[in-house]
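Novice: Listed below, chain by chain, are the residues.
Protein chains: 2
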Amino acid sequence: MSTEESPDPVEKEENHLPDMKEMRSVVLTGFGGLNKMRVMKRPEPTPQEGEVMIRVKACGVNFYDLMVRQGAIDNPPKTPLVLGFECSGEVESVGEGVTDFQVGNKVMGISNFGAWSELVTLPAKFCFLMPDGLSFEDAAALPISYVTAYILLFEIGNLKKGRSVLVHSAGGAVGTAIAQLTKTIGNITLFGTASAHKHETLKDDWQYLFDRLQQDYHQEVKKVAPEGVDLVLDCLCGDDTNKGYSLLKPMGKYILYGSSNVVSGETRSFFSFAKAWWQVDKINPLKLYDENKSISGFMLQNLIFNQGHVEVLRDVMVEIVKLYKDGKIKPVIDSVYAFEEISEAMQKLHDRKNIGKVVISPLKEPQPKPEKPLDSQASVSSDGEKEQEKAEEAK
Amino acid sequence: MSTEESPDPVEKEENHLPDMKEMRSVVLTGFGGLNKMRVMKRPEPTPQEGEVMIRVKACGVNFYDLMVRQGAIDNPPKTPLVLGFECSGEVESVGEGVTDFQVGNKVMGISNFGAWSELVTLPAKFCFLMPDGLSFEDAAALPISYVTAYILLFEIGNLKKGRSVLVHSAGGAVGTAIAQLTKTIGNITLFGTASAHKHETLKDDWQYLFDRLQQDYHQEVKKVAPEGVDLVLDCLCGDDTNKGYSLLKPMGKYILYGSSNVVSGETRSFFSFAKAWWQVDKINPLKLYDENKSISGFMLQNLIFNQGHVEVLRDVMVEIVKLYKDGKIKPVIDSVYAFEEISEAMQKLHDRKNIGKVVISPLKEPQPKPEKPLDSQASVSSDGEKEQEKAEEAK
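Heads up: the protein sequence lines correspond to chains A and B, in order. According to my numbering, the first sequence is numbered sequentially starting from 1. According to my numbering, the second sequence is numbered sequentially starting from 1.
In short, the hints are calculated from the structure, not lab data. Heads up, none of these hints are tricks.
Since the list can't tell identical chains apart, any single copy or any two copies may satisfy a pair.
Derived DSBU-like pairs: lysine-lysine, alpha-carbon spacing no greater than 35 Å straight-line: (1) K106 <-> K348; (2) K78 <-> K222; (3) K78 <-> K249; (4) K183 <-> K243; (5) K287 <-> K322; (6) K78 <-> K282; (7) K330 <-> K161; (8) K223 <-> K125; (9) K160 <-> K125; (10) K282 <-> K243; (11) K330 <-> K287; (12) K125 <-> K243; (13) K287 <-> K125; (14) K125 <-> K249; (15) K183 <-> K249; (16) K353 <-> K287; (17) K160 <-> K282; (18) K322 <-> K161; (19) K222 <-> K125; (20) K161 <-> K325.
In isolation and in its complexed conformation, chain A is listed as follows (with noise of 0.2 Å):
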C-alpha cells in the first residue's frame, strides 16, 4: 500500500492481546522505499532494570534513518520494525536501579532504533535531562546532530582558531550544528556545499558556499584557498572522498561521517551503491605520512550500540548542553510532521529540501493533503522510474 493510497495509514499488528495498552508507532515493514513506511498500533513497552520510559514529544528524524529503511548497512535487523534513533518527552516511569531519572524529567535520548513511538524506553545512560528552556522539537534535534558535530570538529578534527573547515550538506542538521560550534572558538573559514536555494539563508554562517551540483566545487574550494583546508568534513562519501584528501593543506584532517552517495534514489540501488564505494581510493599510512595529513571515520550508531563505546557521548552531551545554557547554540528546526506524515518528512531529506532539523511528533496532526498532489509529493510515490530520473537529474 502506497501513501497515495492512504495518507493517514495507521494499522493495527496482528495477534496483539485485545486489554493490551496500544501506542502508536513508526515502522518499517520492509527493507525498500516510503511505501514501506506504515504507523501501527503497537503494545506499549515496560521499562526493565536500568531503563527510562518516555513519553515522546518529538522524534529527530536522520539521514541514517534513510539508509535502514533501505536495508543499506550492516547487519540489518530484521523487520518489522520500528525506526528513529533520538527523540525527547517526559519520564513516565523509570525501571528497578534507575535513580538518575524522575517520574515527569524533562528527557532527551538516543535510543538503539525504536525511537519514533509514543512510548520508549530506553537505558538510563542513553538519557539526558533536558535544560531548562530548551523545547521538546529543539531537544529532539540535539543529541545525534550535535554530538556528531561536535565530535567530528573537536574530538577528531581537533579544530583550532585561525583554521578552515569544508562542509557537505552544509544546510542540514549536522550542518548548521557545525557553524555554530566553530563560533564557539573563533575565526574559522567555513566552506559549505548547499543546494542554491539555500545559500540566502545560509550566508551569515558560511564564508564560501558552492552547489555541488552546478559548480566544481573542488576547483573552486583550490581557486580560494590553494594551499588547502584544515578540516574536511564529509557526509557523501565516494568520490567526493577522493576529492576531500586532496583538498587537505599539510596537518590537515580528513573525516568521513556518512555515504549519503549511496542513497540516490527512493530505494536501494545496487549500482550507486557498488559506485560510491569503488570509487574511494584504498590509502597506504605511508602515503599520510609523506603528505602529513589524517584520515578518520566516524559513525556515532556503531560506536555507541555496536562498539559499546558510551563514554564520549556521555561527556560530549555534558558540553553541549553547557554551549545551549551559555546561549551559544540553539537546534535549528526546519519542519515538524506528524507520525503519519513521515513519508514527505523523509522525501525531505532525501531531497536535501530541509535547512536544519527535519523533526516528527506523536502530538501533532497531519495536515490535510490537496486532492491533486504537488509535485513534491509525486516523489512519495512509489513509482521507480520517476524516482531513478529524479536520482540521475541529483548527479
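Keeping the supplied structure of chain A fixed, place chain B upon it in accordance with the hints.
Specialist: Showing chain B alone in chain A's frame:
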C-alpha cells in the same frame, strides 16, 4: 677511508681559497654506511637576508640522519653535504632584516640539513631563544624530539586525561619526550616497547614495557587492554603499522611518524626497505568509518621544509619553552660525542642503545680509542657482512 683507518678524520675540501676562514663540519661524502661520514674543513658561511648565524655548541642526532645517510629518503639532495637538522649555540651575526635576534643571544634551531657545523646559518623563523637555565646540550635535544612528541600527542592525537598510548622506542629521544609531555595532562596509561635492558631505567614513567625482540607486544597489549588503546605512535612502519591499527580502541588514532624498520643494517638494504613498505596494509576510508578509527602520518622535516608549513612549529615551540620554564619537561641526554665520533653516535642510535637524546658537539674532544677495537666498535667498520649479520640478528 674508513673510520678505523682514521679515528679522528678531519679533511679539507679541495679548491677552496687559501685565505678563506674555515670551520669544521660533519660531512656525508656519499650515500652509504658509516664510512661515508667525515669531519671536514669548509669555508665559513655568511648570513643572508633574514638569516641568523649561530656559533654552534651542540647538535641533535636524529634517526632521520641515519636514513639520509643511507639515501633512504625521497628526493635525496646531492652529496657531499653537511648533515644535521638541529643545533644550539650563540648568535654570531645576523643578516639584513633580522630584528628578533641579536649577537650573543643563546638560541636553538631547526635546519634543512647543515646543522652539524661550527657555524650554521638559519632563516630566523627556524630559530628560537633558549630559555634561562637550559644548557646548550639540552637545547640541541629540544626542537625536533619535543616538537614531534607534542604534535603527535596534542595536535594530531588530541590526547586527553584518562586515555592510553602505545609508543615504540619508548627509550628514544621522542619516547622520553612523550613520557614527560603526557604527564602534563594526567592519568595517561603508557604502553611502550624498548629493549629489555632499558626497562629498569624507564619503568617509573611507563606502566607497561615490552621488548619487541623477546615478546609478542601485540598479544601482550591485548592481554592488558583487550579493548585496545586510544593512541598508537609508530616510528617503525612495516608490519607494526598493521599491528598498531589493530590495537586501536573505537575512537582510537594511529599515527605513523617514522619508518625505522627500513633501516636494518648499516647500509641501505633494498630487501628490508621493500619488506617494510609492502607490509603496510592500504586502508579504505570506509573501514575507518565502520570502525570509528583514524590514521595519520607525521614527518616534521617534510612539513616545514618541503611543505612550507612553519606556523605549527613556531606555535608548538612557544608551548615547549613554556613547559620547560614551568619545570614540566627536561630533555634526557643519553650521551654527547665529539664531531669526530659521529660514527659512534650514529651506531648507538642504529643499535637503539640510547636512552634519550644523542648529541654531538664541536667543542668536545674525541675520547682516545682503546688499541683493540671493542665489540661495539667492530660494527663501525665498513664490513658489510658483519653488519648484515647484526641486522638479521636484530629482526
